[in-house]
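Peer 1: As given, the protein sequences belong to chains P and Z, one line each in that order. Heads up: the first sequence is residues 212 to 480, going by the working numbering. Heads up: the second sequence is residues 10 to 261, going by the working numbering.
Quick caveat, the hints were computed from the structure, so don't treat them as lab data. Hints should not be assumed to be uniformly reliable.
[Unchecked claim] Okay, the calculated beta carbon distance ranges per label pair:
1. P:417 with Z:139: 31 to 37 Å
2. Z:28 with P:387: 29 to 35 Å
3. Z:127 with P:401: 56 to 62 Å
4. P:387 with Z:213: 43 to 49 Å
5. P:291 with Z:252: 58 to 64 Å
6. Z:28 with P:248: 45 to 51 Å
7. P:411 with Z:25: 58 to 64 Å
8. Z:151 with P:417: 23 to 29 Å
9. P:409 with Z:256: 51 to 57 Å
10. Z:252 with P:413: 53 to 59 Å
Just so it is clear, the structure is predicted and the values come from calculations on it, not from any experiment. We treat Cβ as the ideally placed atom computed from N, Cα and C, and that holds for glycine.
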Amino acid sequence: MANDSQLFNLNYLDVLSRQDTPLHRLDPRAKVLTVFIFICAVVSFGRYEVSALLPFFLFPAAMIGLGNLPVSYLARKLLVILPFALLIGIANPLFDREVLVRIGPVGISGGWVSCCSILLRFALTALVALILIAVTGFMGVCAVLERLGLPRVFTVQLLFIHRYLFVLTDEAGRMSRARALRSFGSRGMRLTTFCPLVGHLLLRTIDRAQRIYLAMVSRGFTGSFPVRGRLCFGSREAAFTLGWTAAFIVLRLVNVPQELGRALEGLVR
Amino acid sequence: MSHHIIEVTELRYSYPDGTQALQGVSFRAVHGESVAIVGANGAGKSTLLLHLNGYLLPSEGKIRIGDLPLTRGTLLEIRRTVGMVFQDPDDQLFMPTVYDDVAFGPINLGLPPDEVEMRVTKALGLVEVPHLKNKPPYRLSGGEKRRVAIATVLSMSPDILVLDEPTTGLDPLARRQLIGLLKNFRHTKIIASHDLDMVADLCERTIVLHEGAVRADGPTAEIFRNDALLAACRLEKPLSMQGCPVCGKDRT
Chain P
212 MANDSQLFNL NYLDVLSRQD TPLHRLDPRA KVLTVFIFIC AVVSFGRYEV SALLPFFLFP
272 AAMIGLGNLP VSYLARKLLV ILPFALLIGI ANPLFDREVL VRIGPVGISG GWVSCCSILL
332 RFALTALVAL ILIAVTGFMG VCAVLERLGL PRVFTVQLLF IHRYLFVLTD EAGRMSRARA
392 LRSFGSRGMR LTTFCPLVGH LLLRTIDRAQ RIYLAMVSRG FTGSFPVRGR LCFGSREAAF
452 TLGWTAAFIV LRLVNVPQEL GRALEGLVR
Chain Z
10 MSHHIIEVTE LRYSYPDGTQ ALQGVSFRAV HGESVAIVGA NGAGKSTLLL HLNGYLLPSE
70 GKIRIGDLPL TRGTLLEIRR TVGMVFQDPD DQLFMPTVYD DVAFGPINLG LPPDEVEMRV
130 TKALGLVEVP HLKNKPPYRL SGGEKRRVAI ATVLSMSPDI LVLDEPTTGL DPLARRQLIG
190 LLKNFRHTKI IASHDLDMVA DLCERTIVLH EGAVRADGPT AEIFRNDALL AACRLEKPLS
250 MQGCPVCGKD RT
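Extracted from the complex, chain P is given alone in its bound form (with noise of 0.2 Å):
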């Protein structure tokens, strides 16, 4: 089965992260705190706000160029998770139906801006998110995360994740077609055989999670991850995350396209 058109083609990622960019060679810390402080300014703003979201495009804007990363390929990655986005906000312009906006003759209500905010900062941090996965590799961002005081099981949890999810896909995709196979129609598509089909699925990553653990413990496991490589916060690194921290501040506290626009005006006056 072709895992990597599935799914998130989460190995791409991998692969784009073993680039050789200024970017890439970055400390992983530098950029883990700097998406997270990006994350923490663009989900701090009022429910209403939209404007003041759009110069935050600026950060992932400049991450794509300095990373060398494919901007096709995240927007495809985007669209995927969009719907979970849409589930949140859709519900907003049924409940808001008070008008806030007017443009012309028509009403924009309080929801359709709400919902248009969530988007937007949906886009935001899930496509950050992305990119300091194929800039820094998930490895890296788990041991960061460890270092940054995650307890070390969800790390580990993490990054199993990353490695058997296409251990897991192949499993399920090979009984759900051995089930296809032998349900001639829609008679063993039923509810009853599909139940048992996850169970039994649950029941064999039980027992694969057994061998895993025995061949791990065979070499020595004892509770932690060994990282390889060294990290180093130079100069480098304190620019990069204090620059763009300065700049998030500047983007939170002062709602850009709107001094633009009123000085614009300004000067059409």
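Please build the complex by placing chain Z on the supplied structure of chain P, with the hints as guidance.
Peer 2: Okay, now just chain Z, sitting in the frame of chain P:
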């Protein structure tokens, strides 16, 4: 060189559900010996292998690896001495890249970074796949996975290699190459398999397990000529020792 000895005495083991998997197994393998463990499905091969590096502890009986008895206290030392290669390489390769995977054991042994580097390079060289170093394991072919799985164990410099069905799922050439590779290793080898042709090629000694007990233990050639024994243990003569299907002549 007593490190390389495996001694199993009157080993009994029953699973929590009451299945008596091993009922008094005894054998001794000495330095450099290549021993095959054959038997039908459910004869107790896997259970026996799981004891050899201490994943299961005997319900009754004793195991000695080299100078050490197998107990909870000696587990770490024994796991370093006995390198275990699993049947499914996907279970064994759990790190993001081949390099990380082969380095996993040495790093956990607390070796310094340059020694780890050297061991990884050497292990990958021994299985002839140094070029796969930076690949993720799920991108490898079956044969490559198997080689890397063996390298992950070799990098810990074990004295004893335990292999569970090393040739399953390999194409004929990959199988042949793997056999050639294993032939070159000077370790004490314990190989559990249904591939009796490989056994005939690799192991001078064979232990036949049947219903949790040792049914026969002796030179491979002798055991494979004993038709009555093989039939009783649900086994068949290796193809290379069977009569030619075209001319009907028996080769042995």
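Peer 1: State, for the Cβ atoms of residue 409 (chain P) and residue 256 (chain Z), whether the hinted interval 51 to 57 Å holds or is violated.
Peer 2: holds, 54 Å
Peer 1: Range hint 53 to 59 Å: satisfied by the CB atoms of residue 252 (chain Z) and residue 413 (chain P)?
Peer 2: For residue 252 (chain Z) and residue 413 (chain P) the Cβ distance comes to about 48 Å; the hint is violated.
Peer 1: Please test the hint of 29 to 35 Å on the beta carbon pair from residue 28 (chain Z) and residue 387 (chain P).
Peer 2: Taking Cβ atoms as reference, residue 28 (chain Z) and residue 387 (chain P) lie about 32 Å apart, which means the hint holds.
Peer 1: Within 56 to 62 Å: is that where the Cβ-Cβ distance between residue 127 (chain Z) and residue 401 (chain P) falls?
Peer 2: With Cβ atoms ~58 Å apart, the hint holds.
Peer 1: Lying within 58 to 64 Å: is that true of the beta-carbon distance residue 291 (chain P) to residue 252 (chain Z)?
Peer 2: Because 60 Å falls inside the window, the suggested range holds.
Peer 1: With 23 to 29 Å as the target window, see if residue 151 (chain Z) and residue 417 (chain P) comply at their CB atoms.
Peer 2: holds, 24 Å
Peer 1: Please check whether residue 417 (chain P) and residue 139 (chain Z) have a Cβ separation lying inside 31 to 37 Å.
Peer 2: Roughly 36 Å apart at Cβ, these two residues keep to the hinted range, so it holds.
Peer 1: Lying within 43 to 49 Å: is that true of the beta-carbon distance residue 387 (chain P) to residue 213 (chain Z)?
Peer 2: holds, 47 Å
Peer 1: Range first: 58 to 64 Å. Now tell me if the beta carbons of residue 411 (chain P) and residue 25 (chain Z) are that far apart.
Peer 2: Cβ of residue 411 (chain P) to Cβ of residue 25 (chain Z): about 21 Å, so the range 58 to 64 Å is violated.
Peer 1: May I ask you to test the hint 45 to 51 Å on the CB atoms belonging to residue 28 (chain Z) and residue 248 (chain P)?
Peer 2: Given about 57 Å between the Cβ atoms, the range is violated.
Checked against the numbered hints above, the structure violates hints 6, 7 and 10; every other hint is satisfied.
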